[in-house]
Amino acid sequence: MRFSYLKPRLLHSINTSKLKTTTLHHQSNMNHRAVEQPCLDILQACNTLPKLAQLHTHIIKLGFQNNPLVLTKFTSASSNLDAIPYAMSLVFSVEDARVYDAFLFSTIIRAYAESSQSKHNAIFYYNLMLGYGISPNKYAFPFVLKACAGLRDLNLGKAVHGSLVKFGFDDDIFVQNTMVHMYCCCSGGMEFARKLFDEMPKLDPVTWTAMIGGYARLGQSAGAVGLFRKMQIAGVCPDDVTMVSVLSACTDLGALELGKWIESYIEKERVLKTVELSNALVDMFAKCGDVDKALGLFRNMSKRTIVSWTSVIVGLAMHGRGLEAVSLFEEMKASGMVPEDIAFIGLLSACSHSGLVERGRQYFSEMTRQFGIVPKIEHYGCMVDLLSRAGLVTEALEFVERMPIEPNPIIWRTLISACRVHGELKLGESISKQLIRNEPMHESNYVLLSNIYGKMLDWEKKSKIRVAMGKKGIQKVPGSTMIELDNEIHEFIVGDRSHNQYNEIIKMVNEMGREMKRAGYAPTTTEVFLDIDEEDKEDALSRHSEKLAIAFALLNTPPGSPIRITKNLRVCGDCHSASKFISKIYNREIVMRDRSRFHHFRDGQCSCGDFW
DNA sequence: TGCGAAACAT
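Using UniProt numbering, read the first sequence as starting at 1 and increasing by one per residue.
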């Protein structure tokens with residue numbers, strides 16, 4: 001079915017003064033609810049596009065297009081069917097602007113604020129309403145603010161804030177809560193959000209959740225968890241949405257113990273187990289290292305959405321259990337769930353992390369052929385990763401050259417890593433140099449080139465990179481590893497000596513080094529990003545945050561218990577090799593989450609098969 | 001004359 005859509009921006013050309021003076025048609029219908037009620041009832045239940053189109057005809061035939069209530073319900077119905085422009089073509093075919101009221105406009109604004117289309121449309125109709133001389137009601141503002149949040153436009157948000165104060169709606173808690181949320185979403189808006197939050201006379205669970213979610217989205221997960229504690233102290237009862245936000249902070253921190261506590265809290269307090277909450281739990285367990293628990297929860301869910309399936313597939317992929325991920329994907333299709341783009345990203349990354357090259361290729365083509373999904377840059381990225389990991393560097397490069405969209409720096413970096421691992425050093429060097437020209441302020445581009453020179457054993461070039469970076473004032477992301485112990489998260493950052501057990505930890509690190517050397521470990525110094533001699537390199541390696549965290553765990557946890565750590569970057573080659581030795585020497589399972597996946601070290605082996 | 005807020009998978 002085809003609809004002709006009136007594009008919002010064309011509406012600028014409507015002469016509003018003319019509209020206002022035109023005679024009102026069908027005046028008789030305006031105030032008689034009984035006449036329009038059947039039409040409203042049908043609109044309420046309208047759930048398909050053909051029905052909507054039929055109603056459209058009826059509305060015109062009956063002259064209801066001048067009835068604001070009918071227009072409003074038609075707009076809601078269209079919005080539910082993701083066909084807002086269709087409603088707009090009806091609404092703005094009206095000849096007399098006097099049928100427009102604040103309720104109709106707040107419905108239009110809502111439709112655009114909640115749609116996947118440009119949030120600018122919502123702002124446009126807000127301004128259009130003002131242009132018509134219609135005073136907004138307070139119900140419009142949560143949606144106008146939602147649009148500002150979607151646009152992440154702080155200045156716009158501030159302007160709307162000023163305007164709603166002028167209309168006197170700033171004492172409404174719904175409006176206040178949405179303002180907190182809006183400021184949390186805008187870049188640079190956190191301080192405004194926090195100020196509002198701190199000054200609000202009454203905080204309900206929604207206010208707290210908006211603020212907690214704000215910290216979580218910014219990656220300030222520890223702050224989010226801290227605020228959740230304050231919420232409990234304040235005696236405000238968290239609800240299901242609060243738990244979802246807190247769980248996503250746990251997931252980010254890799255805080256399995258806290259996550260388990262939240263799960264038991266949910267059970268104890270009988271928090272409503274929505275499908276979103278179950279999904280958040282599944283995701284948390286998978287990303288905090290207990291993928292079997294995630295699978296168990298997933299199996300017990302009475303209702304599953306595409307998000308549930310994707311979470312568990314991605315979880316398995318991260319743990320290197322690609323075959324299980326693939327079979328779950330097949331099970332998902334068999335259950336009638338239609339996979340969409342994100343599910344394929346999870347699936348392709350599962351193939352990639354488990355070396356399932358042929359499967360990956362098949363799924364990539366099935367995605368388009370069978371499901372009509374146009375591959376996005378992330379899908380191409382997965383394929384480059386898949387080919388690169390498998391050592392098919394030339395094919396990966398050809399794949400990139402044939403891509404119909406511009407490759408992004410992530411794809412180039414994947415290729416460069418592959419070049420280093422598989423010995424295509426000259427190629428890696430030239431791609432690196434090109435990438436540095438395009439993206440001169442990105443630290444990892446230099447690290448990659450430096451590692452290539454390390455493998456070439458070209459120390460002179462390697463040290464030049466460090467000088468170049470210093471000159472450009474490039475910010476380095478320090479490696480950091482987190483570990484949870486007794487309801488506390490300990491973070492170890494390279495070069496940070498502030499931990500109160502620092503001296504003991506260093507002693508332990510040195511002891512670990514001696515034991516490992518006795519067992520045949522040789523430090524991998526080619527990746528050290530410092531211009532220093534070999535002995536100091538070893539020293540620098542032994543201070544890596546991963547090793548500090550493992551030493552801390554060996555000192556503070558019972559013998560034989562598993563060690564779970566979370567690293568912010570990808571695990572370095574030396575720490576990976578050292579972890580294998582440590583797992584055997586100290587008889588510990590080490591579960592390490594790095595930026596891209598999990599490594600389960602056990603008895604001298606890693607689940608990633610040394611491929612990550 | 002009808003209406004509103006916070007959350008999950010890359």
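Bear in mind the hints are in silico, worked out from the structure with no lab data behind them.
Where is the CB? At the ideal position from N, CA and C, for every residue including glycine.
Keep in mind that a hint or two might mislead.
EDC-like mimics (lysine to aspartate or glutamate), calculated; alpha carbons at most 20 Å apart, straight line [as the list claims (entries may be wrong)]:
#1 LYS471 <-> GLU439
#2 LYS476 <-> ASP486
#3 LYS517 <-> ASP486
#4 LYS138 <-> ASP171
#5 LYS476 <-> GLU443
#6 LYS293 <-> GLU340
#7 LYS260 <-> ASP290
#8 LYS426 <-> ASP458
#9 LYS260 <-> GLU443
#10 LYS455 <-> ASP290
#11 LYS230 <-> ASP204
#12 LYS464 <-> ASP486
#13 LYS230 <-> ASP171
#14 LYS433 <-> GLU443
#15 LYS230 <-> GLU276
#16 LYS517 <-> GLU401
If you anchor each label on the Cβ, the simulated ranges turn out as follows [claimed, not checked]:
#17 SER135 <-> GLY63: 37 to 45 Å
#18 SER135 <-> SER365: 51 to 59 Å
#19 ARG361 <-> ASP198: 53 to 61 Å
#20 ASP603 <-> ALA334: 30 to 38 Å
#21 ASP198 <-> ASN510: 46 to 54 Å
#22 ALA53 <-> MET441: 51 to 59 Å
#23 ASN510 <-> ILE342: 39 to 47 Å
#24 GLY355 <-> MET456: 46 to 54 Å
#25 GLY336 <-> HIS120: 35 to 43 Å
#26 ILE342 <-> MET441: 53 to 61 Å
#27 SER118 <-> LYS303: 56 to 64 Å
#28 ARG299 <-> LYS517: 44 to 52 Å
#29 ASN510 <-> PRO409: 35 to 43 Å
#30 GLN37 <-> ILE233: 35 to 43 Å
Taking the hints in turn, this is what the structure says about them:
| no. | hint | result |
| --- | --- | --- |
| 1 | LYS471 <-> GLU439 | holds (15 Å) |
| 2 | LYS476 <-> ASP486 | violated (31 Å) |
| 3 | LYS517 <-> ASP486 | violated (32 Å) |
| 4 | LYS138 <-> ASP171 | holds (10 Å) |
| 5 | LYS476 <-> GLU443 | holds (6 Å) |
| 6 | LYS293 <-> GLU340 | violated (25 Å) |
| 7 | LYS260 <-> ASP290 | holds (11 Å) |
| 8 | LYS426 <-> ASP458 | holds (12 Å) |
| 9 | LYS260 <-> GLU443 | violated (36 Å) |
| 10 | LYS455 <-> ASP290 | violated (36 Å) |
| 11 | LYS230 <-> ASP204 | holds (13 Å) |
| 12 | LYS464 <-> ASP486 | violated (45 Å) |
| 13 | LYS230 <-> ASP171 | violated (24 Å) |
| 14 | LYS433 <-> GLU443 | holds (13 Å) |
| 15 | LYS230 <-> GLU276 | violated (24 Å) |
| 16 | LYS517 <-> GLU401 | violated (45 Å) |
| 17 | SER135 <-> GLY63: 37 to 45 Å | violated (27 Å) |
| 18 | SER135 <-> SER365: 51 to 59 Å | holds (56 Å) |
| 19 | ARG361 <-> ASP198: 53 to 61 Å | holds (55 Å) |
| 20 | ASP603 <-> ALA334: 30 to 38 Å | holds (37 Å) |
| 21 | ASP198 <-> ASN510: 46 to 54 Å | holds (47 Å) |
| 22 | ALA53 <-> MET441: 51 to 59 Å | holds (52 Å) |
| 23 | ASN510 <-> ILE342: 39 to 47 Å | holds (46 Å) |
| 24 | GLY355 <-> MET456: 46 to 54 Å | violated (27 Å) |
| 25 | GLY336 <-> HIS120: 35 to 43 Å | holds (37 Å) |
| 26 | ILE342 <-> MET441: 53 to 61 Å | violated (30 Å) |
| 27 | SER118 <-> LYS303: 56 to 64 Å | violated (32 Å) |
| 28 | ARG299 <-> LYS517: 44 to 52 Å | holds (45 Å) |
| 29 | ASN510 <-> PRO409: 35 to 43 Å | holds (39 Å) |
| 30 | GLN37 <-> ILE233: 35 to 43 Å | violated (51 Å) |
In summary, the structure is inconsistent with hints 2, 3, 6, 9, 10, 12, 13, 15, 16, 17, 24, 26, 27 and 30 from the numbered list given earlier, while agreeing with the others.
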